[in-house]
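So the protein sequences, as listed, match chains A and B.
Reminder that position 48 of the first sequence reads as 48 in my numbering, one-by-one numbering, no gaps.
Reminder that position 105 of the second sequence reads as 105 in my numbering, one-by-one numbering, no gaps.
By construction, these hints were calculated from the structure, which means they are not laboratory data.
One thing to keep in mind: the hints can contain errors.
[Claimed, not checked] Taking lysine-lysine and the BS3-like style, the derived pairs with C-alpha atoms no more than 25 Å apart in a straight line are:
id, chain 1, residue 1, chain 2, residue 2
1, B, 71, B, 137
2, B, 17, B, 66
3, B, 66, A, 12
4, B, 71, B, 10
5, B, 137, B, 66
6, B, 10, B, 137
7, B, 71, B, 17
8, B, 66, A, 4
9, B, 137, A, 12
10, B, 66, B, 10
11, A, 4, B, 71
12, A, 12, B, 71
Below, each chain spelled out in residue letters.
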Amino acid sequence: MNIKVRVFASLKDYFAPELTLDVPPDSQAQAVLLGLEEMNPVCRDLLRSCRLAVNEDFITGEHPLRENEEVAVLPPSSGG
Amino acid sequence: MSRESALSSKTLDANWKLISDSPLRPEELLAQARNPASGALVLFSGEARNHNRGRPVLGLEYEVYKPMAEKHIRRIVADALERWELNFAACVHRAGRTEVLESAVVVVTSSAHRSEAYEANRYIIDRVKHEVPIWKKELYADGESVWSENCENCSHPSHTSP
Chain A
1 MNIKVRVFAS LKDYFAPELT LDVPPDSQAQ AVLLGLEEMN PVCRDLLRSC RLAVNEDFIT
61 GEHPLRENEE VAVLPPSSGG
Chain B
1 MSRESALSSK TLDANWKLIS DSPLRPEELL AQARNPASGA LVLFSGEARN HNRGRPVLGL
61 EYEVYKPMAE KHIRRIVADA LERWELNFAA CVHRAGRTEV LESAVVVVTS SAHRSEAYEA
121 NRYIIDRVKH EVPIWKKELY ADGESVWSEN CENCSHPSHT SP
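Just need the whole structure built from these sequences, with the hints factored in.
As structure tokens, this is what we get:
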């Protein structure tokens, strides 16, 4: 199934800001991180430091994905 | 009535942009936070600084996931209003290119006595720095620009339990 993915900040050096990932049916959110890591193995450490969000709320890696859900991949914040 | 609307008289009204593409005006927030019942008003301004790790910096560039950042700033401010006896609390943050001598983030808190305003102000800025999806890029004088990793390796729970 297709998942819409948005990436931010340093991740945009490696990925398009918005992309679509094809993940197996009944995947959990961590499949998004694995999919991105597969596309760009050099990002492994960065991806493992990221958090995920759906509908502007943080989710865990166990969040069950639904077709066409939009998942935001957020590097560690550095505001302020 | 939601928790946040119940507290809305003690923070900026919905017309205020909590994420601003133009320079912040701390004096406007100070005016908002003034309250006849408050004997203390604390204003923190996080400023764009002209150096980082010993290197000259020309300015900063902030990337913000705006809808999520606004939602979480509102939540953090609401948490502070519930936790301390405050008459007012608010936080606004810059997006985009921010020059040296400009504010990157402003937090204001006011209360009858100073300890609540100080504690709540520190609580808000600490959570905003760690939890709100905002990223800073330092623009160095030599032309290099680098995404800040200033809290990537810290032990704040937001990084260890996603």
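The hints, checked one at a time:
no., hint, result
1, B/71 with B/137, "holds, 23 Å"
2, B/17 with B/66, "holds, 10 Å"
3, B/66 with A/12, "holds, 17 Å"
4, B/71 with B/10, "holds, 17 Å"
5, B/137 with B/66, "holds, 17 Å"
6, B/10 with B/137, "violated, 33 Å"
7, B/71 with B/17, "holds, 11 Å"
8, B/66 with A/4, "holds, 18 Å"
9, B/137 with A/12, "holds, 13 Å"
10, B/66 with B/10, "holds, 22 Å"
11, A/4 with B/71, "holds, 21 Å"
12, A/12 with B/71, "holds, 23 Å"
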